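J.: Residue numbers (UniProt numbering), protein chains in the order written: chain A, 1 to 474; chain B, 1 to 230.
It is worth saying that the hints were derived from the structure and are not from the lab. This structure is a prediction, so every number in the text was calculated from the model and none was measured. This list has only true hints and no planted wrong ones.
DSS-like cross-link-like pairs, simulated, lysine-lysine; straight-line CA separation at most 25 angstroms: (1) Lys-17/B x Lys-464/A; (2) Lys-80/B x Lys-377/A; (3) Lys-227/A x Lys-180/A; (4) Lys-464/A x Lys-80/B; (5) Lys-164/B x Lys-143/B; (6) Lys-78/B x Lys-461/A; (7) Lys-84/B x Lys-10/B; (8) Lys-164/B x Lys-35/B; (9) Lys-143/B x Lys-18/A; (10) Lys-464/A x Lys-78/B; (11) Lys-461/A x Lys-17/B; (12) Lys-27/B x Lys-78/B; (13) Lys-10/B x Lys-80/B; (14) Lys-187/B x Lys-210/B; (15) Lys-377/A x Lys-464/A; (16) Lys-227/A x Lys-237/A; (17) Lys-121/B x Lys-164/B; (18) Lys-80/B x Lys-461/A; (19) Lys-143/B x Lys-377/A; (20) Lys-187/B x Lys-35/B; (21) Lys-227/A x Lys-289/A; (22) Lys-46/A x Lys-344/A; (23) Lys-35/B x Lys-191/B; (24) Lys-17/B x Lys-78/B; (25) Lys-84/B x Lys-121/B; (26) Lys-461/A x Lys-18/A; (27) Lys-84/B x Lys-461/A; (28) Lys-377/A x Lys-20/A; (29) Lys-20/A x Lys-143/B; (30) Lys-78/B x Lys-10/B; (31) Lys-84/B x Lys-464/A; (32) Lys-164/B x Lys-191/B.
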Amino acid sequence: MRISEILNLVRLNLIQNKFKVLLTSIGIVVGAATIVCVIAIGRGGKADVAEQFRNLNAGALDISYEQAQTSSGFPFGGGSSGGSSKGGSGERPSFSGGNMPDFSQMSAMPSFSGNGSSGKDGKPSGDRSGGFSFPGFGSMFGGSSDTKNSEKITLSTEDMDDITTNVPGLSDATISYTTKQDIYGGNIEETESYTVAGTLSNYAEMSNLTMMFGDYISDSDNENKNKVCVLGYSAAKKIFGSAEDAYDSLVYIDDRPYTVGGVLAEQGTVEAGISADDAIFIPYSTGIKYLTGSDISPTITVIAEDVDNIDAVTENVKTALAVAHPEADFTISDAGSKMEAANKSNRTLTLMLTAMASIVFIIGGIGIMNVLFVSVKERTEEIGILKALGGSRRDILLEFMMEACCMSLIGGVIGVLVSIAVSPVISNFGLRLEMSASGALIALAFSLVTGTVFGFYPAWKASKLVPVEALSAE
Amino acid sequence: MAGEQIISMKNVCKGYKMGTEKLNVLKDINFEVRKGEFTAILGPSGSGKSTLMNIIGCMDTLDSGSYDLSGIPIHDAKEKELVKIRNHKIGFIFQNYHLIPTYTVMQNIIMPLLMRGMDRKSAERECEEVMDMLGLSQRVSHKPSELSGGQRQRVAIARALCSKPSLLLADEPTGALDQSSGTEVLKLFTKLHDMGNTIVMITHDLNVAKWAERTVRIVDGEIFEEEKAV
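Start from the sequences and build out the full structure, keeping to the hints where you can.
T.: Structure representation (structure tokens):
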């Protein structure tokens with residue numbers, strides 16, 4: 001029998017049993033809709049991760065230093081970092097500053113510092129790395145016994161140069177820090193606190209920042225300690241009303257005027273690094289001169305030429321830094337790993353949802369199988385007639401298989417349409433869905449496979465019926 | 001009128017297992033039908049006539065003996081060959097019509113031709129003449145449920161004739177019909193016989209068997225030739 005004629009018989013049978021077909025395919029409808037949504041959620045999650053990490057290069061390594069804090073015990077045991085904020089160490093007087101320490105905050109006690117005296121406006125002006133501490137006392141009185149990271153170290157451009165000179169396989173390197181500063185200017189009447197980032201000229205390129213107006217900080221701005229800044233998109237809008245108005249205006253950072261040399265395009269929310277939209281970027285050295293002094297905790301960022309070589313680069317960076325800082329244990333975080341971790345969790349979620357959809361498909365398939373078994377039973381006489389008239393096993397097998405496949409496919413198509421209809425509802429729950437044609441095709445393929453797999457056995461049973469017995473069936 | 005042999009059965013036996021015992025339904029059957037004959041197989045219920053019909057119709061196998069249909073040894077044929085023989089050589093007419101209720105009259109009639117691999121248009125053209133002859137031309141798009149018993153049996157006859165078989169095999173063709181419709185169908189059989197068709201009709205009714213030119217009786221699985229009905 002011709003395939004077209006078998007398909008015609010299938011069509012006739014399905015039309016005759018429209019309601020039954022619809023009910024039978026409900027499992028497939030749910031399964032297909034779930035598959036489309038799962039794929040859309042997976043793609044949405046992936047897009048989310050890509051967006052949140054777009055300011056990170058996969059080969060980027062962030063190197064920072066965190067001074068160990070004594071968890072308890074005698075306040076002289078080790079000391080803590082002075083913090084990078086303006087008020088940080090100024091509000092927590094060092095011993096050399098002459099103020100009494102607050103013993104109620106023992107875990108955040110300042111260290112003895114040689115140059116720890118407050119500078120202008122109460123800001124620390126000295127280099128704390130020059131100070132000393134008593135690590136032994138720390139352990140004696142219950143503090144940390146680890147000598148690592150007990151001293152205050154501030155990463156510097158010299159450290160960055162050490163890395164770029166001694167570590168092979170790097171394509172670029174930069175250093176940056178952030179500090180909270182009071183800002184006014186433009187439309188704001190009272191000072192507001194903003195994140196100010198001190199960066200080098202290559203920061204924008206390394207962090208994939210794009211300009212809307214003007215230019216990013218230049219090398220000469222950094223060398224000359226120029227009072228220029230680049231505003232993040234949201235910061236520009238909040239301070240000046242619009243990015244256009246912000247460009248070439250003046251903004252006051254810690255009461256000093258800075259010319260807005262550029263405004264960044266909107267970057268969106270980010271998972272790691274500086275949230276560029278709300279930040280103000282200034283030259284690295286300008287910030288040290290006018291805002292923070294050397295009381296900063298900078299981060300050196302290097303880019304590995306070969307992403308697969310990250311582990312070796314990490315080890316080499318540690319070795320390079322160990323020369324200048326033998327007692328320090330630097331925190332090195334690898335952007336690729338963060339991205340991979342986020343993608344992995346996204347993949348896990350997708351896998352879980354796919355497993356769920358597969359279960360729905362299996363249940364749907366069993367439903368189809370049941371209905372086909374009933375159908376074979378109901379149509380035993382019909383099968384007998386077809387066999388008596390010269391219908392082959394192949395014809396009967398194909399007819400029932402095609403019926404199962406068509407039922408599944410109808411379910412699949414309805415499922416895809418349902419998924420399109422419910423996607424806005426799911427989006428309202430905060431899940432990002434990226435609908436795709438490939439998702440719909442996969443769902444249809446799954447439906448077809450389900451119909452084929454679960455339709456085979458009843459169809460095979462039908463094809464094996466003996467004509468005499470089938471004809472005499474009531 | 002009698003020509004070449006269409007059916008040739010020699011020492012055919014058939015039995016079924018009933019629990020531990022074997023029930024011999026057909027015992028050493030020797031039976032022949034020649035081309036163009038109209039034969040009635042007459043027998044009461046349980047005599048084995050349906051089993052004989054199933055074997056003649058290639059829907060059941062025999063335990064021993066030989067059976068040739070149009071010279072083809074059916075006793076040696078494989079399932080695939082039997083399917084082909086059923087489609088090409090035999091036209092079945094059943095007591096309960098056995099029409100597919102979801103198909104139209106036309107779809108039911110052309111089914112054996114579709115089974116052969118013919119396309120629908122050609123099959124419909126092929127059946128036009130038979131449908132005209134049986135007065136079904138105005139009923140092509142009706143469903144079996146919309147027809148009377150007599151009309152349904154005519155559809156079944158049309159379906160059997162369309163494939164131009166060597167043998168028309170009718171199992172109690174009037175069994176489900178009232179007397180007038182039954183007579184109508186038997187007249188049709190006579191007409192088909194006159195046109196040269198070979199017909200084997202199974203019946204339990206002597207009055208129906210009288211319409212055939214030859215009657216054989218089957219009693220307890222054994223076959224007896226009867227004198228030609230007058």
